[in-house]
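S.K.: What follows is the residue order along each chain.
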Amino acid sequence: MLIMSKSKSNILKRTKVLIWKEAFKDCLPITAGVIPFGLTCGIMGRTAGFSVFEITFMSLTVFAGAAQFMAIAMINSGILNWGVIVFTTFLINLRHLLMGASLAPHLFKQSKAIQYLLAFSMTDESYALTISRTEKKGYSGYYQLGVSFLLYIVWAIATVIGASLYYSIPNPLEWGLDFIIPLTFLVLLIPRLTSKTPLIVTLVSAVVAVLGSLYLPGKWYIILAALVASVVGGLIEGGRENG
Amino acid sequence: MDSKLMAIIIGMALVTFITRIGAQLIFANTGIPAWLERWLKHVPTAFLAALIVPAIILPKGYLDITFSNSYLIAGIIASFIAYKTKNVLATIFIGMAIMLYLSN
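Line order of the protein sequences matches chains A and B.
Residue numbering for the first sequence follows this note's numbering, starting at 1 and increasing by one per position.
Residue numbering for the second sequence follows this note's numbering, starting at 1001 and increasing by one per position.
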């Protein structure tokens, strides 16, 4: 009895280690794309008058690149209004609501503590990796946790380095490494395009996103494109079921 | 330590967390309704496309559908590699190499 339960817990432990390894492996390419953004966040923060501690504290508590860049830019241009910056942050990050909803059926099966940790650490990148893993092998809370916190650590360390060496690093976003992120997403997207509906969803989303990024401020194009395209996808399938 | 700056950072952290936990709080008791789930199923695909396409077509913030847009050329070739190999590293490596080669 004892031996059996011991070997069972050993298998469980081994599965966990395997999932951590898998998360690490999947994360590695994308971290190369995240590092230039983290460095830039540290550099921009110092330029705008943040101390190393303050900008690092921001990366550790907010952990949302686009919103952080916006806030730093506003502060740098002299806008120090709490309400304006916090509300803009809320608007930029509204896309998380959509991502959270799409993961919710899986998240509800996790413990409350894990749910909070997963929510706190969810980013575009960890969401994208998690949904792809879910499609292939099923959802794993450990996988999402591993991916999310690996990116969290990389983001924080890159911020510290950028903030500490800000006068001696030439603009990291000009290295071109940021291109790694859309390239990784490409590998995640293309295997999904196996039938007509996802192809149409992709096309609609692409058109709305391009138009949106031309005419809308900030990250609104992502929210609008994801909303419109996924509703279109739902309608196509709904119509097929009824007809 | 600047208290005004710290107050802004804490405010940002709080509202960001609200956006991340929001969906779980809204549907905590009811679960996700079936009609919504059918629609949410397409969010990942739509979301990925919304992140990729502008990054390739508007890499510098303005529309650039020409051969001088190295992101676009590299993106198209990388899409083909991704389709054929489904391999992240191969796609990144070839995509980056083409983009950097064409940019210089």
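If you're looking for bench data, these hints aren't it; they were derived computationally from the structure.
Cβ atoms here follow ideal geometry from the backbone N, Cα and C, with glycine treated the same way.
Possibly wrong hints are sitting among the right ones.
[What the hints assert, rightly or not] For each label pair, taking beta carbons as the anchor points, the in silico distance ranges come out as: (1) A:12 <-> B:1061: 47 to 53 Å; (2) B:1034 <-> A:111: 24 to 30 Å; (3) A:84 <-> B:1033: 23 to 29 Å; (4) B:1065 <-> A:49: 38 to 44 Å; (5) A:80 <-> B:1083: 46 to 52 Å; (6) A:207 <-> B:1102: 22 to 28 Å; (7) A:191 <-> B:1001: 31 to 37 Å; (8) A:9 <-> B:1090: 34 to 40 Å.
S.K.: Next step is simple, just say for each hint if it's right about the structure.
M.R.: Going down the list of hints, with the structure as the test:
{"no.": "1", "hint": "A:12 <-> B:1061: 47 to 53 Å", "verdict": "49 Å, holds"}
{"no.": "2", "hint": "B:1034 <-> A:111: 24 to 30 Å", "verdict": "25 Å, holds"}
{"no.": "3", "hint": "A:84 <-> B:1033: 23 to 29 Å", "verdict": "35 Å, violated"}
{"no.": "4", "hint": "B:1065 <-> A:49: 38 to 44 Å", "verdict": "39 Å, holds"}
{"no.": "5", "hint": "A:80 <-> B:1083: 46 to 52 Å", "verdict": "48 Å, holds"}
{"no.": "6", "hint": "A:207 <-> B:1102: 22 to 28 Å", "verdict": "25 Å, holds"}
{"no.": "7", "hint": "A:191 <-> B:1001: 31 to 37 Å", "verdict": "48 Å, violated"}
{"no.": "8", "hint": "A:9 <-> B:1090: 34 to 40 Å", "verdict": "38 Å, holds"}
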